[in-house]
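Q: Okay, here's what each chain looks like letter by letter:
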Amino acid sequence: MTEATFPQCRISAERLLNPETTERLLNKLIEVPGIRRMLLNGQRLPAIIPYGPAKGLANPHPMRRTIKVGDQDVELQVHVGNVLLELEDRDAIPALKAACESIFTDFTFRIQEGRYMKTEPSLVDYCKYGPNADKEMLGLADPSSKSKPVILQGIK
Amino acid sequence: MAYKPQYCAGQTIVADNRRKQMDPAHKLEKLREVSDKDLVLIMGHRVPGSAYKSAHPPLAEQQEPACPVRKLVTATDGAKAGDRIRYIQFSDSMYNAPCHPYLRSYLEAYRFRGIDPGTLSGRQIVECRERDLEKYSKDLVNTELFDPALTGVRGCTVHGHSLRLDENGMMFDMLQRCILDKKSGIVKIVKDQVGVPLDGEVKVGKPMDSKWIKAHSTIYHSLVGTAYRDDAELVEYIQRIHSLRVKYGFMPKEA
Numbered sequence: 001m002t003e004a005t006f007p008q009c010r011i012s013a014e015r016l017l018n019p020e021t022t023e024r025l026l027n028k029l030i031e032v033p034g035i036r037r038m039l040l041n042g043q044r045l046p047a048i049i050p051y052g053p054a055k056g057l058a059n060p061h062p063m064r065r066t067i068k069v070g071d072q073d074v075e076l077q078v079h080v081g082n083v084l085l086e087l088e089d090r091d092a093i094p095a096l097k098a099a100c101e102s103i104f105t106d107f108t109f110r111i112q113e114g115r116y117m118k119t120e121p122s123l124v125d126y127c128k129y130g131p132n133a134d135k136e137m138l139g140l141a142d143p144s145s146k147s148k149p150v151i152l153q154g155i156k
Numbered sequence: 001m002a003y004k005p006q007y008c009a010g011q012t013i014v015a016d017n018r019r020k021q022m023d024p025a026h027k028l029e030k031l032r033e034v035s036d037k038d039l040v041l042i043m044g045h046r047v048p049g050s051a052y053k054s055a056h057p058p059l060a061e062q063q064e065p066a067c068p069v070r071k072l073v074t075a076t077d078g079a080k081a082g083d084r085i086r087y088i089q090f091s092d093s094m095y096n097a098p099c100h101p102y103l104r105s106y107l108e109a110y111r112f113r114g115i116d117p118g119t120l121s122g123r124q125i126v127e128c129r130e131r132d133l134e135k136y137s138k139d140l141v142n143t144e145l146f147d148p149a150l151t152g153v154r155g156c157t158v159h160g161h162s163l164r165l166d167e168n169g170m171m172f173d174m175l176q177r178c179i180l181d182k183k184s185g186i187v188k189i190v191k192d193q194v195g196v197p198l199d200g201e202v203k204v205g206k207p208m209d210s211k212w213i214k215a216h217s218t219i220y221h222s223l224v225g226t227a228y229r230d231d232a233e234l235v236e237y238i239q240r241i242h243s244l245r246v247k248y249g250f251m252p253k254e255a
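Protein chains in written order, with my numbering: chain A, 1 to 156; chain B, 1 to 255.
Everything labelled a hint here was simulated from the structure, so no lab data went into it. Treat the hints with care, since some could be wrong.
Stated by the list, open to error - Calculated lysine-lysine pairs in the DSSO-like style (CA-CA distance at most 27 Å, straight line):
#: 1; chain 1: B; residue 1: 30; chain 2: B; residue 2: 4
#: 2; chain 1: B; residue 1: 138; chain 2: B; residue 2: 214
#: 3; chain 1: B; residue 1: 37; chain 2: A; residue 2: 55
#: 4; chain 1: B; residue 1: 53; chain 2: A; residue 2: 55
#: 5; chain 1: A; residue 1: 68; chain 2: B; residue 2: 211
#: 6; chain 1: B; residue 1: 138; chain 2: B; residue 2: 53
#: 7; chain 1: B; residue 1: 183; chain 2: B; residue 2: 37
#: 8; chain 1: B; residue 1: 183; chain 2: B; residue 2: 211
#: 9; chain 1: A; residue 1: 55; chain 2: B; residue 2: 203
#: 10; chain 1: B; residue 1: 206; chain 2: B; residue 2: 182
#: 11; chain 1: B; residue 1: 27; chain 2: B; residue 2: 37
#: 12; chain 1: B; residue 1: 247; chain 2: B; residue 2: 30
#: 13; chain 1: B; residue 1: 27; chain 2: B; residue 2: 138
#: 14; chain 1: A; residue 1: 146; chain 2: A; residue 2: 68
#: 15; chain 1: A; residue 1: 148; chain 2: A; residue 2: 128
#: 16; chain 1: A; residue 1: 118; chain 2: A; residue 2: 146
#: 17; chain 1: A; residue 1: 68; chain 2: B; residue 2: 182
#: 18; chain 1: A; residue 1: 55; chain 2: B; residue 2: 188
To be verified - Simulated restraints, written as ranges between beta carbons of each label pair:
#: 19; chain 1: B; residue 1: 3; chain 2: A; residue 2: 124; range: 57 to 63 Å
#: 20; chain 1: A; residue 1: 58; chain 2: B; residue 2: 200; range: 32 to 38 Å
#: 21; chain 1: B; residue 1: 200; chain 2: A; residue 2: 124; range: 47 to 53 Å
None of these values were measured; they are calculated from a predicted model. Glycine residues also receive a C-beta, built at the ideal position from the N, C-alpha and C atoms.
Starting from the given sequences, assemble the full structure and let the hints guide the process.
A: The following block contains the structure:
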């Protein structure tokens, strides 16, 4: 479980990000030392339409594709709106800001510091997932989900 | 002196645009030419060229009861023919879309006959007889009420109106019913309003530029357009309504 002392921040831009921009941003971010966890937040883009009259049809969407971050393939499942980060310490924030400034040249962005991921399991988490839930994933995604987080090689 | 409707309060360009759209005497500016066939495709209720299905026999063939109201009110073409009730639904981005749900219902009530509008926070549906609907939807899509990037014809999965636009300036659509062709800059509709893929594509033209959007917006937005609080007359009007409503349960007289 995340220690409550780890700082967290959120990068949000004026526009929802295209996969190409997300790819460039993440490749800049991973060069910054001191990022523990990262979550891409946004509107979900299901591969199959889940409800409505077109339920069950394929849903090709140009914003859902596989991007390359470092040497890992990351399959985008959302139209990225925010990037949530958990850091080792606050010293990384100026470097994050510099990375964002080099990417977001056509529109504005902001980095906010706050609490964006769960720091301890709630009663509901315990009821839903029991005591053996994957604690790294708690608060980020459904711990019983079969999709696993992408591990990016750090540069620490 | 004859009564002259004022439509809505306000001194800003936004209020002015709202009045224009609601006023049936104001001719809506025509900006694009989406054909009847393409509109039928976008709505997806019938195959283009096929006969209208009916819910009852034509009025002329029915024995109608002697009714003074029926004598006063002329039936619309769709009602005369006994068409089914069908719908079109729109989502309007909060980022300066040229129309919005409440206004749509108002303007449709002023401009069209035989309709049943439904207003929700992020979408607006209008139901009426099928052939009337096709006539009205021409006005709704081909005129200044519509912008290819900021307005969506969405029968379901409508969310997107309150989200940030994407980098191309398009409103979010989970089903990606319309696609911006980056080369030509034209928006193409590739699915009908409920998300079923079309055989072809319907071109609805280029998104309007930001100058036009700002000049034709009917939405107050403090970040990307005119702030509500900048409109002193509208704020005064709303405060008065609020005050009267709280004090007298909306009795239209002041103490």
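Q: Do the alpha carbons of residue 55 of chain A and residue 203 of chain B lie within 27 Å of each other, as the hint requires?
A: Distance ~25 Å between residue 55 of chain A and residue 203 of chain B Cα, so the pair holds.
Q: Indicate whether the distance between the beta carbons of residue 3 of chain B and residue 124 of chain A respects the range 57 to 63 Å.
A: About 59 Å separates the Cβ atoms of residue 3 of chain B and residue 124 of chain A, which means 57 to 63 Å holds.
Q: Please work out if residue 118 of chain A and residue 146 of chain A have their alpha carbons no farther apart than 27 Å.
A: At roughly 20 Å apart (the allowed maximum being 27 Å), residue 146 of chain A and residue 118 of chain A satisfy the hint.
Q: Would the hint linking residue 68 of chain A and residue 211 of chain B be met if the CA-CA limit is 27 Å?
A: violated, 37 Å
Q: Take a quick look at whether residue 206 of chain B and residue 182 of chain B sit within 27 Å of each other, Cα to Cα.
A: holds, 10 Å
Q: Take a quick look at whether residue 68 of chain A and residue 182 of chain B sit within 27 Å of each other, Cα to Cα.
A: holds, 23 Å
Q: Check whether the Cα positions of residue 30 of chain B and residue 4 of chain B lie no farther apart than 27 Å.
A: holds, 26 Å
Q: With the threshold set at 27 Å, check whether the alpha-carbon distance from residue 27 of chain B to residue 138 of chain B stays at or below it.
A: holds, 14 Å
Q: Does the structure keep residue 146 of chain A and residue 68 of chain A at a Cα separation of 27 Å or less?
A: With a Cα-Cα distance of about 21 Å, the restraint between residue 146 of chain A and residue 68 of chain A holds, given a limit of 27 Å.
Q: If you check the beta carbons of residue 200 of chain B and residue 124 of chain A, does the distance land in 47 to 53 Å?
A: Since residue 200 of chain B and residue 124 of chain A have Cβ atoms about 48 Å apart, the given range 47 to 53 Å holds.
Q: Is the Cα-Cα distance between residue 183 of chain B and residue 211 of chain B 27 Å or less?
A: The given pair, whose Cα atoms are some 22 Å apart, holds under the 27 Å limit.
Q: Does the alpha-carbon distance linking residue 27 of chain B and residue 37 of chain B stay inside the 27 Å limit?
A: Distance ~24 Å between residue 27 of chain B and residue 37 of chain B Cα, so the pair holds.
Against the hints set out earlier in the document, violations occur for numbers 5, 12, 20.
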